[in-house]
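Q: These are the residues of each chain, in order.
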Amino acid sequence: MISDYKIKNRQSKQKIFALFSGEIKLKIIFLAGLVITSLFFTQLVFANSLATGGQKLSEVQEEIKRLDRENMTLRADIASQSSLTNLVKKSEQLGFKKPLKITIL
Amino acid sequence: MDRIRIFQVSIYFLAFCILARLFYWQFISSVSSSSDSFSQEIKLPAARGEIYTSDDFPLVANQEAFILYAKPNEISQDPRKVAKTVAPFLISEKYSTSEAKLTEDEQKQKDTETENKENEIAQKISNKKLFWVQLARKVSLLTKKKIDEFNIKGLGFDQDSKRFYPEASMSAHLLGFVGSNEDGDDTGYFGLEGYYNNQLKGKNGRIGQVKDPFGFPILVGKYRPLEPKKGSSLYLSIDRAAQFIVEEKLRQAVDKYGAKEGTVIVADPSSGNIIAMASYPTYNPSIFGEFSEDYFKNPSVADTYEPGSTFKLVTMAAALDLSLVTPNTVCDVCQGPRKIGGYEISTWNNKYYPNSTMTEVIQHSDNIGMTFVSEKLGVDRFYDYIDKFGFGKTTGLDLQEEASGFIRQKDDWKPIDLATASFGQGLAVTPIQMVQAVQAIANNGVAVTPKIVQKIKSQGTQEIVKPGGKHRVISPKTAAQLTEMMVNAVDQGEAKAFVPKGYRIAGKTGTAQIPVAGHYDPNKTIASFIGFAPANKPKFVMLVRFREPSSSVFGSETAAPTFFSIAKDLFGYWGISPEGK
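Protein sequences appear in the order of chains G and E.
Residues in the first sequence are numbered consecutively from 314, following this note's numbering.
Residues in the second sequence are numbered consecutively from 910, following this note's numbering.
Don't take each hint at face value.
Only pairs whose alpha carbons sit at most 20 Å apart, straight line, appear in this in silico DMTMM-like list of lysine to aspartate or glutamate [claimed, not checked]: (1) E:K1047 / G:D390; (2) E:K1139 / G:E375; (3) E:K993 / E:E1022; (4) E:K1053 / G:D381; (5) E:K1053 / G:D390; (6) E:K952 / G:D381.
These aren't lab readings, by the way, just hints derived from the structure by calculation.
Turn these sequences into a full structure, and let the hints guide you.
A: What follows is the structure, encoded as structure tokens:
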């Protein structure tokens, strides 16, 4: 009587284990897959973001350089236009003459 | 089953290959993250500081420029054709300006230079083994645009910068220029560029950056930028308008009097600050390579000469200061030529004025009268004053090529040396030394070290340059007596017709013959005039000096009129009204 019970009990345990071990395996595989997939996509997003960030940085650096160059050229132009050498030339072209006599009152 | 086996083996084999390759990169080929082809260490050249006049106008600025390079293996056109296209743009700027009106000789020189450039470029780009070759440096934006229009494959430009001179060759001797050192880096030579090179050049930066195959920086990689630090900028005491007036007048005067060279220095007597400094002929610092090296040294500080009669002021100052003479002391040897040490001493015009006072000795620029003064002084005392006035040593002016002049050792002086030195022969001085000496007379007897740079500005900081040292040379009484003697010399002198009316100007002419092969050539002189104005409250001290004027050898007929002409313009510019006499 007792031995029958033990056998039955063992059989039912085996059935339950077999049932649960299959489910756990599937769940673990599913979860692992999910984690790997999400990590993969996260990596992809970060990598993509970093790559475009690098490109943006490069663009900003180029823009700074371009503006610096433009500033340098404009400063040189202003200096050239306002130089005495140039002003004298222009004033002569416009008919201005140096005063021959200065009267101090 | 076999297919699974084959698949497994393939996976293992691939894994092994990857591991083997990684092992090779890590341990065998010694590839490191900082030295591979994706990592770059680039030098970032620092911009050079600018140089400004006292009104904050840039005498020297920076301008965008380019390095023109070629990648010979990418050039598909005939190298000779490419060279012929670009060479005309890469020859000297003096030929490339549209305003250049070339003489026949210059046109020939241009053709030769163009041909040489063509050959040089053709040779460089014909060498297909070269990946990259530099064709020209400091190419202007305009030239770049012109070359770009040809759209030649295989040519490219890299960023560079070059010095830009808005006032062209103004103050060239004062500024110096920027050339390349043996490493190809920009370096200042002569003048302020040379003296302040360390401050002006700044500090180059570098960028160490890991890049992806497309050349973009990888942000997770090592990123070690070191920004370049721009050089400090110099702010000068030079007054731009005064400098312009001086240069214009000097150029006209050199042409008018047929002089080989002319120099003018204008300084503030109380501070020693240089207001204007010019020499003519001059050079263009942006194309300095086209000029002889003889042009580069600034004659105002590097040229030594016998000062002639302008040195009589130093002799007279010493004797007055020691109370050996007064302005009314009578010269009892002035009736005719004198023999000293076997040499005959005479006056410049062979006119003699018996019983002249010391004031008249200066007025007539009487050599005999000066021998009378020097005998009262003696070698020791005279030598001490020469030293106190700053002769025989550099003044300490902040320019690179300053010379110290030459004063014979005291022990070597003979009676004839004492006599000739009293009227400025047998010693060599620089123009700036003469200015410093007369500045002391104008400044109540106190000599001040001349200075040009007032402040040095760098990013966020400003350093005020300490004023030059001061020391008393003569008493205020002596300075006042000498000033009156100089005013009398101007009012009664040979050039009195040129003196601007209503102004009290203190001055002295000088005509020194140039020693040639052991004797003085009477037709080759250095004509000068030094003085200050207004005499009561001096605003400026000025020296005008001409080397070998041909229209007249005398300072009173060349340098003095130029001095008064410049002074007249300066009075107008500074609003100095006539004070009456």
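Q: None of the hints should be skipped; say for each whether it holds.
A: Hints versus structure:
1. E:K1047 / G:D390: Holds, at roughly 18 Å.
2. E:K1139 / G:E375: With a Cα-Cα distance of about 19 Å, the restraint between K1139 of chain E and E375 of chain G holds, given a limit of 20 Å.
3. E:K993 / E:E1022: holds (12 Å)
4. E:K1053 / G:D381: Holds, at roughly 18 Å.
5. E:K1053 / G:D390: With a Cα-Cα distance of about 17 Å, the restraint between K1053 of chain E and D390 of chain G holds, given a limit of 20 Å.
6. E:K952 / G:D381: holds (18 Å)
Checked against the numbered hints above, the structure violates none of them.
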